[in-house]
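Trainee: Given next are the chains, with one letter for each unit.
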Amino acid sequence: MSSRATAPQGSPLRQLADREGFLAWAMLLPAVVYIVLVVAVPFGLAVAFAFSDVTAGDPSYDWVGLRNFARIFEDPVFWKALGNTFVFTAVSMALIIVLGKVLANILVADFHGKWVVRFLVLLPWTTPVALSTVAWLWLYDSVYSPIDWVLRNLGLIENHLYFLGRPELATASVIAVHVWRLVPLAAVIMMVGLLGIPTDVQDAAKVDGVGFWRRMFEVTIPLTMPLIAVAALFGAIFTFTDMAVVYILTRGGPTNSTQVLSSWAFIVGIEGGDIGQGAAIALFLFPLLLAAAVLILRAVRKIEVF
Amino acid sequence: MPAYGPWTRRRFLQATGVAGLGVAAGCASEPGGGPGGGGQATVPAPSTTFTEPAGRLSGGLSILLWSHFVPSHDTWFDRFARRWGEQVGVDVTVDHIAVADIPARTAAELQAGQGHDIIQYIATLSQYEQSVLDLADVTQEANNRWGTQLELCRKSSLNPATGKYYAYAPGWVPDPGDYRRSLWEPVGLPNGPSTWQELLDGGAEIKRSQDVQLGLGMSQEIDSNMAGRALLWSFGGAIQDANEQVVINSPQTVAAVEFMQRLYRDTMTPEVFSWNAASNNQGLIAGELSYILNSISAYRTSQGTNPQVAGDTHFVSALAGPEAAIAAQHVMYNWIVPSHSRNADAAKEFLLHYTANMASAAYHSKLYDFPAWPELVPQLDGWLADDPFGSTPPDKLAVLRNAVDWATNIGHPGPASPAAGEVFGQYIIPNMYARAARGEMNPEQTVARAEAQIRPIFDKWRQRGLVGGA
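So the sequence lines, in the order shown, correspond to chains A and B.
Each residue of the first sequence is one higher than the last, beginning at 1 in my numbering.
Each residue of the second sequence is one higher than the last, beginning at 1001 in my numbering.
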């Protein structure tokens, strides 16, 4: 680089500061150290624990091979939790994308009070998930549910719905909370994509007489596809790894019908005290997260090209 | 200078500061009437006793415990602990956290090898046995001072397989039935049900005629665990026998599940599958439940928030089944001293000092906490017979005087081992009932499923030497 060639001779520190390779690493280092400490080390520990008999009360490490995995494979709750994790994620992701797209279209439109609406729409995303889920717990309460009350007073139902007391409704309730809290994030990501489409492209399509739906599916969506993919993947990751919503709303019930991998890993590993087995359950989150991470990175590369 | 009128920023801050202090002072001087407010206590609080520690103490002592269901207890406890620290030269700090957070916090501290010197929880902490000090010396000293510890507390702190007191259990809380007299009077049971059959018959009639359901949880929470065990034991079933062998799959257990199916069908609604630990309290206080199994906490809350329901709420002892009338303890206090504690001597002395003042703990918890050494609180019988905290009639809590006769530990008839604790923590018993009640499985199938879940847990802990039997 020319800067290196023309750099004046000075102190060693100054010479170091002029070396781009060194600077790049120096600036990346805090982030790398941070990620190693809070992600890589715990992940490595989880892998190590999954092959051990470590318990909450006995941190001494003894290798047990695949024994923890053999035990969890025999446990029907594990398979239920694994299936639920995928179902919750897939259904949530689909709804998040559709509703996020609708919301993004609304948010880019011109209307009075747009900023207030954008602020309100973002609130579910900015509220800590534990707090908002406690609010939903009350909304679903078997005695005090205002949703129930409204439906009863409108004459749409006669008795309580018991949202969290019936497996189907409990499943739908958990998914609804995931969708509610993640749609704003998806909408904002997709809004950025919409705003990035050159207006002349849309104008040209309009001049050619292309209708709304055709423009949507043949112009807007293809051009924003990388960002839609990012929104979908973020939604999937946040749903896949979340345990707060299930733990607060149902603790996995009724009869473990809403159990997910993260909540079951917590119940077995922390509440039950078997950290080795809990770690083995949690490890099943890893393959999908790895795939999601790869896809996100690919999508980001497409955005860069775009 | 621009004119701001009389309200400069400084004056505004001064005024709001004074107002804030005034409000705080007003709250502090409000006639609370005994611990936690909600009525003037009719007897004074017991005085605190103090015994000089066996040796000279110094340094710091950090205590982690739950935020008590009765807030006045925590106000008392914090002052009490600090005062003891001042007397013996130890710097005491007390941290209260939500009860649900204590297992995770305890596990994290034990894994890290640092943290609080004493940790308290409301259920057994047997799973931490290998990382805590043996508290046999504290228990023995307490036995020397105050007689023999109650069996349910001993079985909830001693692991017979290792002979180690993994915890110290100075107190517990009974789990009576709470019923609404105005609902049970019309069905001919003004004093509430005394047997499981009466609960079914009366509860069904109340639901039919008054559209009010029963509230026995079959959910993934503590009260459902307790209710399920009470029914199981009363029908002669058990998870393990006295020698820690798994015996869940028995005709008695199947009979208990069949009974729960009928009980659910005739007296309850699907809400019982969704409950958390507060739900049956809320349902009773809202006047929506005719009977629940709980401590007196729901009643104490309703005294302040819904006096009409409080006046109508009465208590019954464990319901009799075909084989027995037994209920689980509602709370079992377990205090552990982690191996990493830097001041174990002070921790043990504090535990003895706390135990010596169990009368204060019982009083300031509004008779929620019971002692593991009955002679420590000689006033308790009198208080239960004539509640100092505003019950009408005053002897409403008298049924709790013999609670120790019908209460037992969660591993009954065996100990509360790590295996019993994990079965408890995975809510296997409530789910066993729920599968049958919901029609997902028949009673035999659901009991077999429970056994398939319980056996590996016992085998696992037995391999680690923490559960007895071959």
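I should point out that these hints are in silico values taken from the structure, not numbers from a laboratory.
Being a predicted model, the structure only gives us computed values, none of them experimental.
No residue lacks a Cβ here, since even glycine has one placed at the ideal position from N, Cα and C.
Any given hint could turn out to be false.
[Claimed, not checked] For the chain B half of the interface with chain A, some residues (derived, Cβ under 7 Å), not all of them:
{"id": "1", "residue": "A1107"}
{"id": "2", "residue": "E1109"}
{"id": "3", "residue": "Q1127"}
{"id": "4", "residue": "P1270"}
{"id": "5", "residue": "A1286"}
[As the list claims (entries may be wrong)] Short, incomplete list of chain A residues facing chain B, as computed with Cβ under 10 Å:
{"id": "6", "residue": "V54"}
{"id": "7", "residue": "P146"}
{"id": "8", "residue": "W149"}
Trainee: For each hint, tell me whether it holds in the structure or not.
Mentor: How the hints compare with the structure:
The closest approach between the C-beta of B:A1107 and any C-beta of chain A is roughly 4 Å, which is under the 7 Å cut-off, so the hint is satisfied. Given hint, B:E1109 at the interface with chain A, is violated; its Cβ is 10 Å from that chain's nearest Cβ, farther than 7 Å. At about 3 Å, the closest approach between the beta carbon of B:Q1127 and any beta carbon in chain A falls short of 7 Å, and the interface hint on this residue holds. For B:P1270, the suggested interface contact is upheld, since its CB lies about 4 Å from the closest CB of chain A, less than 7 Å.
Below 7 Å, beta-carbon pairs count as interface contacts, and B:A1286 has one with chain A at about 5 Å; its hint therefore holds. Checking A:V54 against chain B: minimum C-beta separation of about 8 Å stays under 10 Å; hint holds. Against a cut-off of 10 Å between C-beta atoms, the interface hint on A:P146 is violated, since the closest Cβ of chain B lies about 14 Å away. Using the Cβ-Cβ criterion of 10 Å, the hint placing A:W149 at the interface with chain B is not satisfied: the shortest such distance is roughly 13 Å.
Consistency with the previously given hints fails for numbers 2, 7 and 8, ordered from lowest to highest.
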